[in-house]
Amino acid sequence: MSVEAFGLRAEIALSIAMLMLGAVMALTSGNAVKRVAGVLVAQIGAVLAAGVLLGGDILIVGVALMVATFAIAAALIVRAQERYHSVEMRDLDKADIESEPPEPSAS
Amino acid sequence: MTDAIELIRANAPLLGVGLPLFGAALMLAAPGARSAWALASLTMLATATVAVDLAMRLASGAPFLSVGAGLRPDGVGVWAFTVQTCLATLVAIGAGAMLREFHQRAAPFAFALFLVMVAAWNAAALSASFIGFAAAVETAWLAGVGVAALHGDRDRGALSGALRMLTAGGVAGALLLVGAALTVRGAGADLTALTEQQPPAPGAAALGMGMMIAALALKAGVAPLHAWTGPAFGRVGGFGALALGAIGVVAALFALLRVSAYAMAAPAIAVSVSHVLLTLGVISVVIPSMQAVGAVNVRRLAAYAAAAQAGCVLVSAALGSPAGFAAALVQITALGIAAMALFGGAASLGQAHGLDALDGLARRAPLSALAVTAGALSVMGAPLTLGFLGRWRLIEAGVGGGWWWAAGAVIVVSLAAVFYAGRLIERVYFRRAGAAAVEPNLWRLTLGPALVAATLAIGVGLEPSLLLRAADAAAALATGPAP
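Residue numbers (my numbering), protein chains in the order written: chain C, 1 to 107; chain R, 1 to 483.
Simulated from the structure, these hints should not be mistaken for lab results. Only a predicted model underlies this, so the values are computations on that prediction, with no experimental measurement involved. Note that beta-carbon positions come from the ideal geometry of N, C-alpha and C, so glycine has one too. A hint or two may mislead.
As the list claims (entries may be wrong) - Which stretches of chain C does chain R cover? Using the computed rule of at least three CB atoms under 8 Å from a CB of chain R, they are:
| hint | stretch |
| --- | --- |
| 1 | 17-30 |
| 2 | 42-52 |
| 3 | 73-84 |
| 4 | 87-98 |
As the list claims (entries may be wrong) - Using C-beta positions, here's what the derived DEER-type ranges look like:
| hint | chain 1 | residue 1 | chain 2 | residue 2 | range |
| --- | --- | --- | --- | --- | --- |
| 5 | C | Glu100 | R | Ala433 | 19 to 25 Å |
| 6 | R | Ala25 | C | His85 | 34 to 40 Å |
| 7 | C | Val78 | R | Leu28 | 53 to 59 Å |
| 8 | C | His85 | R | Pro224 | 44 to 50 Å |
| 9 | C | Phe70 | R | Gly422 | 44 to 50 Å |
| 10 | C | Thr28 | R | Phe430 | 55 to 61 Å |
| 11 | C | Phe70 | R | Leu42 | 45 to 51 Å |
| 12 | C | Ala95 | R | Phe22 | 38 to 44 Å |
| 13 | C | Glu11 | R | Ile411 | 46 to 52 Å |
| 14 | C | Ala17 | R | Gly408 | 24 to 30 Å |
| 15 | R | Val399 | C | Glu100 | 41 to 47 Å |
As the list claims (entries may be wrong) - Facing chain R, a subset of chain C residues (Cβ under 8 Å, in silico):
| hint | residue |
| --- | --- |
| 16 | Val33 |
| 17 | Arg35 |
| 18 | Val36 |
| 19 | Ala37 |
| 20 | Val39 |
| 21 | Thr69 |
Model the full assembly from the supplied sequences, consistent with the hints where possible.
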């Protein structure tokens, strides 16, 4: 394997690792801000991986989607803080359950 | 004049994306909720006319058009474009009865986001390239999150649901982008690259397709990736539930079916993709069926029922045969129409969303009760309904492909559905009305589209020949015309 090919694979592996790290953070964190941060880390990893695989054009698409995601996420977190007085997912769940009977868990 | 009409017809796919976007831009000038509703309804009626005309021309043998702008119609894409646009038109008209869910100033934004969502799902149904497809799906998803969040003023649970949608969908979006990039690297930029040649790097293409299918399965609420559906559907209000359930989930399933059709046509990756679809499908048949049995919220129950039905769709697609794709098309259409009838009928309950709100609905609001009943019958796959037709086609396709156990999957879904959908019907007709009477309001007449959906759920089940012929034709052209 040439040095160039090794470098390419290392870049892809690093990007995918970043994606996975962000995904775990987004899906398991107990704080809404950390969840959104995880989504952004995952998306940065995805954009980097796609950029390495396909070149620069896809970066425009990826960055546009990231900015849109961040804008909506920021608005949602502010509104959640206003309505729930917390951004801890446990507090949000507790408030939701209090206003509605619980059901079997998702999985 | 004739030339102008021909020009419009030749660019039908472009109009399918452009008209809703234009309507969304006009929303900024809408002075209030009623004008925004009228504008959205007119926009969707125009788009639906374009979609139905395109479908009829293709059904009558007109050649497929290559219209540029990154759009390329194929059998599944045109079917999806037509069905989701017609459903979106019914949702837009029916939204007239739900305007009180929004503040006067928020309503135009809700309709604008809804139109952007429809435009983006149409783009995903007609996109020629993997990157364009991924960008369209993400745009549609973000618009859907916006629709859900706008109900947060009335019910803060909608904010929690939207937040869960955003985090789960954001991770899925990252997977979708990398999956699309890997597929482009492994096969080529266009969807047709998978079918026209031996992929230069089949391993990368298969991995990319697997990631794309997982991401789309999450957006379609397929178990076990459906953790966002309960919190989102349960609290987003009538309009949000209709937009996400009858359009979002249905369009995501169509998008999943479309990329699967291209992948299954590529021998180098077909087996891997079939295994992914089959695994997700079987899990999604079992888990949501059990959750629906325990559900205490009407909209959440419908979301779990949709996830169980989505499992049958994935099993059909995993067959990889034209009969399997035709069965999947009929099932997704049945799901969309049943969701429209159920969510539309339940919209008359207002802010109430518990199962007990349905008690005695037949006496309080007979037409809404009729819509809920038709939707529930179709969900349980009762004979002479569209839902039964979809499941019967899956059994036929499964037995034809040697998958006898597929009939077992259908029986599991149907038995569970008889229990939970039967519970809805029992409450509607055989319980004493406990909730306050449904408020008389002339705008409730705009819930008529729910009755249209109820009529379709039963009527098409009684006379299915046209639908079945069209589904067979669309499935035969699932990857576009023969070269």
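Original post:
Which numbered conditions among the earlier hints are violated in the structure presented, ordered from lowest to highest?
Top reply: The structure breaks hints 7, 8, 10, 11, 14, 16, 19; every other hint is satisfied.
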